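Protein chains: 4
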Amino acid sequence: MGAPMARNLIRAGHDVTVYNRTRAKAEALAADGARIADSVAHAVRGCEVAVTMLADDNAVQEAIFGSAGMLQALPPGAVHMSTSTISVEISKKLAAKHTAAGQGYIATPVLGRPEAAAAQKLWVIAAGPPELVERCQPMIGALGRGFTIVGRDAWQANVVKLASNFMIVSLIETLGEAFALLRKAGISVHQFLEIANTLFSSPVFKVYSQLIADEKYEPAGFRMKLGLKDVRLALAAAEEQAVPMPLAGIIRDHFLQGIALGYGDRDWSAIARVIAANAGIENPS
Amino acid sequence: MGAPMARNLIRAGHDVTVYNRTRAKAEALAADGARIADSVAHAVRGCEVAVTMLADDNAVQEAIFGSAGMLQALPPGAVHMSTSTISVEISKKLAAKHTAAGQGYIATPVLGRPEAAAAQKLWVIAAGPPELVERCQPMIGALGRGFTIVGRDAWQANVVKLASNFMIVSLIETLGEAFALLRKAGISVHQFLEIANTLFSSPVFKVYSQLIADEKYEPAGFRMKLGLKDVRLALAAAEEQAVPMPLAGIIRDHFLQGIALGYGDRDWSAIARVIAANAGIENPS
Amino acid sequence: MGAPMARNLIRAGHDVTVYNRTRAKAEALAADGARIADSVAHAVRGCEVAVTMLADDNAVQEAIFGSAGMLQALPPGAVHMSTSTISVEISKKLAAKHTAAGQGYIATPVLGRPEAAAAQKLWVIAAGPPELVERCQPMIGALGRGFTIVGRDAWQANVVKLASNFMIVSLIETLGEAFALLRKAGISVHQFLEIANTLFSSPVFKVYSQLIADEKYEPAGFRMKLGLKDVRLALAAAEEQAVPMPLAGIIRDHFLQGIALGYGDRDWSAIARVIAANAGIENPS
Amino acid sequence: MGAPMARNLIRAGHDVTVYNRTRAKAEALAADGARIADSVAHAVRGCEVAVTMLADDNAVQEAIFGSAGMLQALPPGAVHMSTSTISVEISKKLAAKHTAAGQGYIATPVLGRPEAAAAQKLWVIAAGPPELVERCQPMIGALGRGFTIVGRDAWQANVVKLASNFMIVSLIETLGEAFALLRKAGISVHQFLEIANTLFSSPVFKVYSQLIADEKYEPAGFRMKLGLKDVRLALAAAEEQAVPMPLAGIIRDHFLQGIALGYGDRDWSAIARVIAANAGIENPS
Chain A
1 MGAPMARNLI RAGHDVTVYN RTRAKAEALA ADGARIADSV AHAVRGCEVA VTMLADDNAV
61 QEAIFGSAGM LQALPPGAVH MSTSTISVEI SKKLAAKHTA AGQGYIATPV LGRPEAAAAQ
121 KLWVIAAGPP ELVERCQPMI GALGRGFTIV GRDAWQANVV KLASNFMIVS LIETLGEAFA
181 LLRKAGISVH QFLEIANTLF SSPVFKVYSQ LIADEKYEPA GFRMKLGLKD VRLALAAAEE
241 QAVPMPLAGI IRDHFLQGIA LGYGDRDWSA IARVIAANAG IENPS
Chain B
1 MGAPMARNLI RAGHDVTVYN RTRAKAEALA ADGARIADSV AHAVRGCEVA VTMLADDNAV
61 QEAIFGSAGM LQALPPGAVH MSTSTISVEI SKKLAAKHTA AGQGYIATPV LGRPEAAAAQ
121 KLWVIAAGPP ELVERCQPMI GALGRGFTIV GRDAWQANVV KLASNFMIVS LIETLGEAFA
181 LLRKAGISVH QFLEIANTLF SSPVFKVYSQ LIADEKYEPA GFRMKLGLKD VRLALAAAEE
241 QAVPMPLAGI IRDHFLQGIA LGYGDRDWSA IARVIAANAG IENPS
Chain C
1 MGAPMARNLI RAGHDVTVYN RTRAKAEALA ADGARIADSV AHAVRGCEVA VTMLADDNAV
61 QEAIFGSAGM LQALPPGAVH MSTSTISVEI SKKLAAKHTA AGQGYIATPV LGRPEAAAAQ
121 KLWVIAAGPP ELVERCQPMI GALGRGFTIV GRDAWQANVV KLASNFMIVS LIETLGEAFA
181 LLRKAGISVH QFLEIANTLF SSPVFKVYSQ LIADEKYEPA GFRMKLGLKD VRLALAAAEE
241 QAVPMPLAGI IRDHFLQGIA LGYGDRDWSA IARVIAANAG IENPS
Chain D
1 MGAPMARNLI RAGHDVTVYN RTRAKAEALA ADGARIADSV AHAVRGCEVA VTMLADDNAV
61 QEAIFGSAGM LQALPPGAVH MSTSTISVEI SKKLAAKHTA AGQGYIATPV LGRPEAAAAQ
121 KLWVIAAGPP ELVERCQPMI GALGRGFTIV GRDAWQANVV KLASNFMIVS LIETLGEAFA
181 LLRKAGISVH QFLEIANTLF SSPVFKVYSQ LIADEKYEPA GFRMKLGLKD VRLALAAAEE
241 QAVPMPLAGI IRDHFLQGIA LGYGDRDWSA IARVIAANAG IENPS
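Protein chains in written order, with our numbering: chain A, 1 to 285; chain B, 1 to 285; chain C, 1 to 285; chain D, 1 to 285.
Source of the hints: derived by calculation from the structure; they are not laboratory data.
In this text the structure is predicted, and so the values were computed from the model without any measurement.
One or more hints might be untrue.
When chains are identical, the list treats them as one kind, so a pair holds in a single copy or across two.
In silico DSBU-like links for lysine-lysine, alpha-carbon gap of 30 Å or less [as the list claims (entries may be wrong)]:
{"#": "1", "residue 1": "Lys-184", "residue 2": "Lys-97"}
{"#": "2", "residue 1": "Lys-184", "residue 2": "Lys-93"}
{"#": "3", "residue 1": "Lys-92", "residue 2": "Lys-184"}
{"#": "4", "residue 1": "Lys-229", "residue 2": "Lys-92"}
{"#": "5", "residue 1": "Lys-97", "residue 2": "Lys-229"}
Produce the entire structure from the sequences given, and follow the hints as far as they go.
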């Protein structure tokens, strides 16, 4: 995900230095004009804006707060622009620590799969102090086809990203349950899509209804283990706000069952396979 | 719902006799060219196709199997075309009883609200013996803008209708939970719609996300009590097929809570109000 | 279940005529002193109290309201004492129809497995018009070791029976979830019982915790299909009262999954096997 | 909770030094013969066994791993005996860090309310390296009326404690749902207890069924906020083991709703009030 985003920043005329724990991944960007750094600290030295795309809270903990992490090396006045899907809790911690260090911090998580990133079609959800968000607009604009500013506290963008992913996976759960019923009633799910499209015709519906109707969960576009992470973060955000989300709880359970059954590395839409298995529907051969 | 459907049949050139328990409702159609009947038996005497749009299983029980019901009056060889959202169980019973009486039976439930019926924009889900479905195509075509034939057993169309309504109300539940989280996190749900539309942009999403963002549940387009009926029927169909549908179970509970709290006659999207109340979000004034 | 109950009535000195659709089952009671009847109508002719123990609502429909059913044959003034676990809806119908026919009706469902019935250890839940309940006390007393009168409307006893069974199966669900966690954490569930008994030490806990710890689901004491029936009835009763019961919804789904996986005739505690399977725990060999 | 435990250790003849962040609480034990310490480090200096009873993971983080925490002051070879209800994750971290520091660590969470602690009636769940558990037996024995050793890894005792609390709160949820149904059906829940006791007669059932029947949630024996913590930890332990626990998910949602409605400091059995409110049952006056 990070590579196409870096390419878009370079194409927009920014001067980009990249770092990845797997150096070969970073080096692939040298041909595009990126400088390659040996460490996070090295990458951010002297920069104006540090853009991160990290897997989860643990990766943030290490890359930002670890020894030789960003917090010690980012110049005062520079801005950390975090595009990762991470917890509200660690986003609040990032805001506090960067501020204490005289640095800026905004959250700009993105909607879209890697193909969308490559095609510069991501949608960016931005939040943070208005003057910092404004200062980063050239970078935000380079990443995708548009953006929405959702609040003055960076963590609010993380909540919106988690709510968006929750909505997608709820659609997957819905399709899984509906298809299980239809299949056992002897109805063609592909034919059902013709009907459902009259109601739901939408980009995300098209992608997932096709995957689930075809039971094509590999290769994974977004792995179930990452899906579990996102639902866990949504539930944690909801707990902090004292919001019951029973549907999210069900989805979490289906992810856990999927992982217990060995589907952890399939596409997250494979919870539809879990639901089908629970209804006694055999795997398609 | 029955009135605009009858008008469309008249406009398509069919010879239509109407019956409604509330005679005034039937008489409103006289100006359009309908004949008015005094009873179900009277309405179907000598007809080729009897089209029904009834509220629920109990109404079917009375209108079809009751004394002076359709079963005794429909001519042999004529077809009962049922557009109601009813249970799989009673649809199977209708097939058996009509067949035993030398009559035909197909199920043709429709997708769309009354406005869609008036604009001839319903989508018809059809199932039943192929020769009967074909014979009824002029009527099916007059009701809406298109149709899908989903099986040779009439009850299969009922399953598809129930699955479609389940998908709509799952979207409502999803919106309800996501919006409750966003509201408590201080995020504008109207602004969130801008983002969500990049993912979900679809007819049904637009209607319900707007209703829920505005918390505008009255007047009801489709009452919560009817929503409960449909979910109950979906759960019964799923039980017959041994399909667990946990999401449907949650929605059922939210409908029951809504009814217990006095929202039974609001739009079914008011389960989003139940979800918000459970998160401690006050009613908007 | 009916046989040991009939024996207890005979032992208490009552004059008993028995009827069962499978005549051999009835004849087994002849040695105990029962008269054998050829039909329900024959069995209740001239009796003072007609005691029924039937499988479900359909059996009641046939035995009471069918042609040659009890309603037509029970003498005016005699009482129908229904010990079956049936729906609130049909219990209300029984009350109305018997009253209209000048007959009495009370509901007296029982708590306990067949062994408890044989040992005269059932507990009877009674409801109905007080004078009728009082008149039936010799029979009620003969069935078990005690009874509780819960209301003046017969259906109230049915609600109490359904709530009791719901409590038992909730305990089973709880054990299933807790044991799945413990097993995957490498903890002996038999050892855990030592701890749990300090908290829960109770008759029903002992029975089910042992069955589930041993994964001994056959032969069934109470079949999963009957368990599903009872939960369905509890959910229907709750729906009528507008009471959300999410735990009951989960249990229903686990029963459905169990039936889909072919466990319908195992003991209802086999939902713990469903829960274990969902966590990826293999069947014990 | 810590005070009665300390008194029992003193009574058993142990030489006890106590520390509490609120010094007055520690000083109340001076009359019983305890020495009072100014800090955790001071309290454990030179000791053989350090017994902790802390509120949650954060308190452990500060007291053990913070500056002037136990890790730096506990003598090599001494044992940390943790009686707190904490996460599996932090229990594993404690084991690793203490071992690396040449110190011992066992987990010995306890079952029972403060009254049980005072009466020396706790039940201790112990796990850890066998030689350490054996060395601590005089202390374990002094705390309660018995104990069970559940494994060689300390965190296993934490899982068992979390599973035990899950079972208790599942009983509460079950009672809440059953009572809501019974109340709306016009049945006395106190009378129902007479019946339920024939099935469930057990210490924990008696306590909670009475609290919920009386709707007496204040003063809290165990606060809802702590209940939420325990369910959250059980769900986290289950997630690590890939065990779906849907019932735990429902309970979590009811706790969140309770907290959103302002019941966070009532007894955790007040989720029965949440369930009743969802069914439209007014607060008793």
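Each hint tested on the structure:
no.	hint	verdict
1	Lys-184 to Lys-97	between (54 Å within a copy, 25 Å between copies)
2	Lys-184 to Lys-93	between (49 Å within a copy, 20 Å between copies)
3	Lys-92 to Lys-184	between (47 Å within a copy, 16 Å between copies)
4	Lys-229 to Lys-92	both (18 Å within a copy, 21 Å between copies)
5	Lys-97 to Lys-229	both (24 Å within a copy, 27 Å between copies)
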